[in-house]
Amino acid sequence: MSQFELVLFSIIILLSALAIIPLFARYQKLLIYISFSLTALSSVLAAAGGALAVANNFKQSVTIPIGLPDLPVHLRLDPLSGFFLTVIGLLSFFVSIYSIGYIKAFVGKRSVTHLVIFYCLFLFGMFFVVLSDDAFSFLISWEVMAASSYFLVMFEDERTENRRAAFLYLVIAHIGAIAILLSFGILAGAATDFKGFSGYTFDAMRQTEFPVGWATAAFLLAFFGFAAKAGVIPLHIWLPEAHPVAPSNVSALMSGVMLKTAIYGIIRATFDLIGDFPWWWGAVVLIFGLITALMGILYAIMQQDIKRLLAYSSVENIGVILIGIGLAMIFASFEMPLLSALALTAALYHTLNHAMFKGLLFMGAGAVLHATNERNMEKMGGLIHKMPWTAALFLIGCISISALPPFNGFASEWLTFQAFLLSPSLPSPLLNLLIPLGATLVALTAALAAACFVKAFGITFLGHWRSHHNPHIHEVDWFMRSAMILTAVSCLVLGVLPTLIINWIDILPEQLIGSRIAASAGEFGWLWLTPISHERASYSGPIVLIVVLAVLLLAYILLHVRKSAIHRAPLWDCGFEKITNRMQYNAASFSMPIRRIFGFLFSIKEQVLRGGKDGTLHYHLRVRDRFWGWLYMPVADISFYIARKVGRLQQGRIQAYLIYSFITIIVLLVFFR
Amino acid sequence: MRIYPIIIEILQIAIVLILAPIFIGWIRMLKCWFQGRTSAGLFQPLRDIMKLFYKDVVLAENASWIFRFTPYLVFSVTVLAGGIIPILSVDLPLSATADVIALIALFAIARFFIALAGMDIGTAFGGMGSSREMMIASLAEPAMLMAIFTVSLVSKSTSLSQIVQVITHTEFILRPSMAFAILAFILITIAETGRIPVDNPATHLELTMIHEAMILEYSGRHLALIEWAGMMKLFLFTSIGIASFFPWGIAAVDNMFQLPAAIIFMAVKFCIVGIVIVLIELGLAKMRIFRVPEFLGSAFLFASLGMISYFILE
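Residue numbers (the numbering used here), protein chains in the order written: chain A, 1 to 673; chain B, 1 to 314.
For reference, chain A alone in the conformation it holds in the complex:
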């Protein structure tokens, strides 16, 4: 079976799953088993097809005569779409296994039929987005993806916050979609000199040399549109609202892979469809990436809701990916294909890595939510004793996302740093001075990410339970555990064997930019990652892992030769005796130093109130996104104001409406005779 057939087969499985779901609506448990097994199978086939397409440099297009007359659907599998298909397929395979365990908890409380239907549609939308080879089917599948995820966010629709979050998501998704539509409109029009419709295929756009003005307009619209989906600051506002309230398996997919379809869109539109660009486009992407990365992680540290924290951290990682893409664009426009390939490889690698560790973290957060019914970290603590598996796996996710070797987050951030360190070879003195400052922002981001995830893990899993009431907490079942184990293993493998991964994906920069990096320089072999040359820089994941484990084991054995007892005793804490669970550091106090240093970036409201008869003190802290007040509230106010003014036209009397129609007709007659 060829790669394309594998992928098409996986889509057929999804569609047939959609067809049979209504038959099992009465047997909810059976429905969960059957449908999620089918989506898992479909995802694994898609991932395999995509991975093979990348490995074999496979390219094939098909035209399917469905849709509007004269506008058939074009599909194409090439290495770029294959890579993103692998990312999406791999994570949705893990998440589908996880969902069997996670969704079962809803059985008996509410019907899960529509959740399962929209889950399948959501996967279908994502697969189709990366396969589409014309603007028409791209936008249709883009909308399928957006609409189905809207309904997934709305799943627990009795809560106001869920409805509000879903609405916000829908609004911003559509503002983005309009921008993408306009961008494709410009490209399609410019491809045929604004005559006829044949320019709507990506092939036609690829073969056109666009005039600079049109290309710039199309790029800016596309970047803005995809940025709204990716959660680039300041268009990120929906993300920390929608991701936490969705069921956790859906949050894992939304954060892990749905955002990546926007990255796909940006790469496809700039490198492939438009092709040729000035350096300042890259600078725009780079600057937005830097702002997004830094602000994203700062907001993440301030959060007390574990899923909101993860959502903001997705904003940060999107920023890191965009930084790689921006650098690649700058290098490419200065005709430095090798460096551009390095930066693009870093971005693509981070895309894959982020899908894995963010998927793992959201699944872990879902497991905690499943066990404790709690999202607020201030009430949690000490879960490592009751949920040892989840704790260990969540820890792996935290290490990976904090860019610590030998896990995968480090490998891609290291490549990004290498790309930054090579910027002095750019011919522009201004960029030479400014790009290193960008590198330090990335370093700050990476270090803050470590602080953020020390907090996330430390507050949730370590110490003592903080809340007053003690729920019965249990470890999650084996479906959820095994899905998390698989994801954690892939985090480790992706981190330890970066050379193999880079050898696999280096066909992408080869095609888009025309150069590839040497993952490992000749004699040094697969053990060492040496992107430019071994004199320049090298890193070896396997050796770090092996040596650390070996020394650790040796120290352990040497120290246990002599038998010595371990006494368990109450806390010492410098001799302080009356310590209670409420005196532990919590999420708000952990982030206090950073809140104080970077406080000017947030709108912070801090109050201490003396409440009640007993005179107890209450501490209120509210940290809000400034963009909400700066950007969104004015826009919302203006829209409401205009709506009210326009609303005056509505008289409710038929005579008034007849006059409106009459005036309209007169005006039209005057202008368009």
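Note that these hints are calculated values from the structure, not bench results. Please note that the accuracy of each hint is not assured.
Unchecked claim - Straight-line Cα separation of at most 30 Å, BS3-like style, residue types lysine-lysine; simulated pairs:
1) Lys55(B) with Lys563(A)
2) Lys605(A) with Lys379(A)
3) Lys386(A) with Lys104(A)
4) Lys51(B) with Lys31(B)
5) Lys613(A) with Lys379(A)
6) Lys109(A) with Lys379(A)
7) Lys104(A) with Lys29(A)
8) Lys578(A) with Lys55(B)
9) Lys563(A) with Lys51(B)
As the list claims (entries may be wrong) - Covered by chain A, per the in silico footprint, the following chain B stretches (three or more residues, Cβ under 8 Å):
10) 73-86
11) 96-105
A virtual CB, placed ideally from N, CA and C, is assigned to each residue, including glycine.
Please build the complex by placing chain B on the supplied structure of chain A, with the hints as guidance.
The following block gives chain B in isolation, referenced to the frame of chain A:
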């Protein structure tokens, strides 16, 4: 497979393990002398570690595996870093394992786990220490990267062995960029290794401690490993500084006869660094925690000035 590099590697790791406590002993001894006290001798830190190894472990009741795993991990990560930095010779089989950026990340793993261990037992002090440590680390990181950037501009590499080779083999020129980078690096080292004025390693004064607050509950062999790793961290940061700024004397590839000289050079350099550290610590008082951002901000400024002066002057 050549035997010589492997012997050097083993020799170097042994030197790091033994000399790190002695280096701390040297600093303490100098401090005692300057303050007119009688010192406990060069080998007291080594004796302390040995004593701790023979003591039983007392573990807090709710300590999880993280708490017990951390000392071993911190120790082994630090030992690995000790095998990568060229201290005696550039001819190290492990030196290609990590460049400076990856090396900093290795120390970051150790810090990550110590911070988690601080939160594990659920005391107020532990959480306080972790929170402050992570704050300082996140502010030190950009300055560190900028300093690395400046050094790599000169040597076109971030691999320490390569930096040593480039600097020792090119003619010595006084570079303003390197001078700024050294200043920045000293400030960062003070912050990263928890010395005065950022943190005071000799105090258990409750409100000022950072590193000590996280490891308050450790005892016995666990404490020994963490203390030992802490001593090695200072030793290794000094070695990174020596390798990037004053590498003269580090033995070249396959040159066995330079080795005795290299050992002497190393000893002299470390003695001098010890004097500098003691002078800094005697002259300054520990600063408030919220003055540390300014301290690290000036480190960042120095490093940026180094980068700018490279582009403008060199």
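These are the hints, each one checked on the structure:
1. Simply put, Lys55(B) and Lys563(A) have alpha-carbon atoms about 11 Å apart, close enough for the 30 Å limit, and the pair holds.
2. At most 30 Å may separate the alpha-carbon atoms for a hinted pair to count; Lys605(A) and Lys379(A) meet this at roughly 21 Å.
3. For the hint pairing Lys386(A) with Lys104(A), the CA-to-CA distance comes to about 21 Å; that is within 30 Å, so the pair holds.
4. Annotation: proposed proximity of Lys51(B) to Lys31(B) holds, straight-line Cα distance about 23 Å (limit 30 Å).
5. Of the pairs offered as hints, the one joining Lys613(A) and Lys379(A) holds, with about 25 Å between alpha carbons and a cut-off of 30 Å not exceeded.
6. With a C-alpha separation of about 25 Å, the suggested pair Lys109(A) and Lys379(A) falls inside the 30 Å cut-off, and the hint holds.
7. Pair hint Lys104(A) plus Lys29(A) holds up; C-alpha atoms about 7 Å apart against a cutoff of 30 Å.
8. Of the supplied pair hints, the one linking Lys578(A) and Lys55(B) holds, its CA atoms being roughly 28 Å apart against a limit of 30 Å.
9. This hinted pair checks out: Lys563(A) and Lys51(B) have alpha carbons roughly 16 Å apart, not beyond 30 Å.
10. Residues of the region 73-86 of chain B lying with their CB closer than 8 Å to a CB of chain A number 7, which satisfies the three-residue condition for coverage.
11. Coverage of a stretch by a chain is defined here by at least three residues with a beta carbon nearer than 8 Å to that chain's beta carbons; for the region 96-105 of chain B and chain A the count is 7, and the condition holds.
Checked against the numbered hints given earlier, this structure breaks none of them.
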